[in-house]
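Novice: The chain contents come next:
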Amino acid sequence: AQKVTQAQTEISVVEKEDVTLDCVYETRDTTYYLFWYKQPPSGELVFLIRRNSFDEQNEISGRYSWNFQKSTSSFNFTITASQVVDSAVYFCALSEAWRDDKIIFGKGTRLHILP
Amino acid sequence: DAMVIQNPRYQVTQFGKPVTLSCSQTLNHNVMYWYQQKSSQAPKLLFHYYDKDFNNEADTPDNFQSRRPNTSFCFLDIRSPGLGDAAMYLCATSRTTGASSYNEQFFGPGTRLTVL
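The listed protein sequences correspond, in order, to chains W and S.
Take 15 as the starting number for the first sequence in my numbering and just add one per residue.
Take -15 as the starting number for the second sequence in my numbering and just add one per residue.
Treat the hints as calculated values from the structure; they're not laboratory data.
Glycine included, each C-beta is placed from N, C-alpha and C at the ideal position.
Hints should not be assumed to be uniformly reliable.
To be verified - Below, a sample of chain W positions facing chain S; criterion: calculated Cβ distance under 8 Å: (1) V38; (2) E40; (3) R42; (4) Y46; (5) F49; (6) S56; (7) R65; (8) K84.
As the list claims (entries may be wrong) - Which bits of chain S does chain W cover? Going by a derived footprint, with three or more residues having C-beta under 8 Å, they are: (9) 63 to 77; (10) 87 to 100.
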């Protein structure tokens, strides 16, 4: 069965520090998609990235970067030079090709960036 | 700007009193979803519409129904809300690009439901 584990329930860092959010997934499907979403206090889930299982290239977008490693079933997210506006709950998620209409979310990591 | 809109943002209802939450989208996406998110938990998919086809999750209670009168609008009806139904309800949309290709989902701001 598919499963997404975000072991860090809550993290606090001081502004400008780098922070990595961990995500480990389980799936039997060879074709699947991984996502990260941000949920700020306003409540709206904001899409950050989608990765398919055949693309293990790391991705960088500004201060955000993602490290996808199939060997360890991990899809970690790093924020470089964190800012207070990065404070939010971050969800890692998975969908499998056979049922790619359904996204399975991890429980989320609440990130506090302290000024 | 193209977006997913949910009204109202906050809804208060009484135990057992039917309530309807609404979602509209200007993205012209063919798939619309309803999620329930309880405090400090992950969003949980209730059901979704692929065009006009309704797809219910197996563990969604019968108390929850949905309507999609056209591409732009989708409604969540809770027939007899219980205290356990208090949650944030999130609407999302996505666009299929192939026979079985669902792209990323775009979420609305949510409606926070309180049951008294």
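Novice: Are there hints from earlier that the structure breaks, and if so, what are their numbers?
Specialist: 1, 2, 3, 4, 7 and 8
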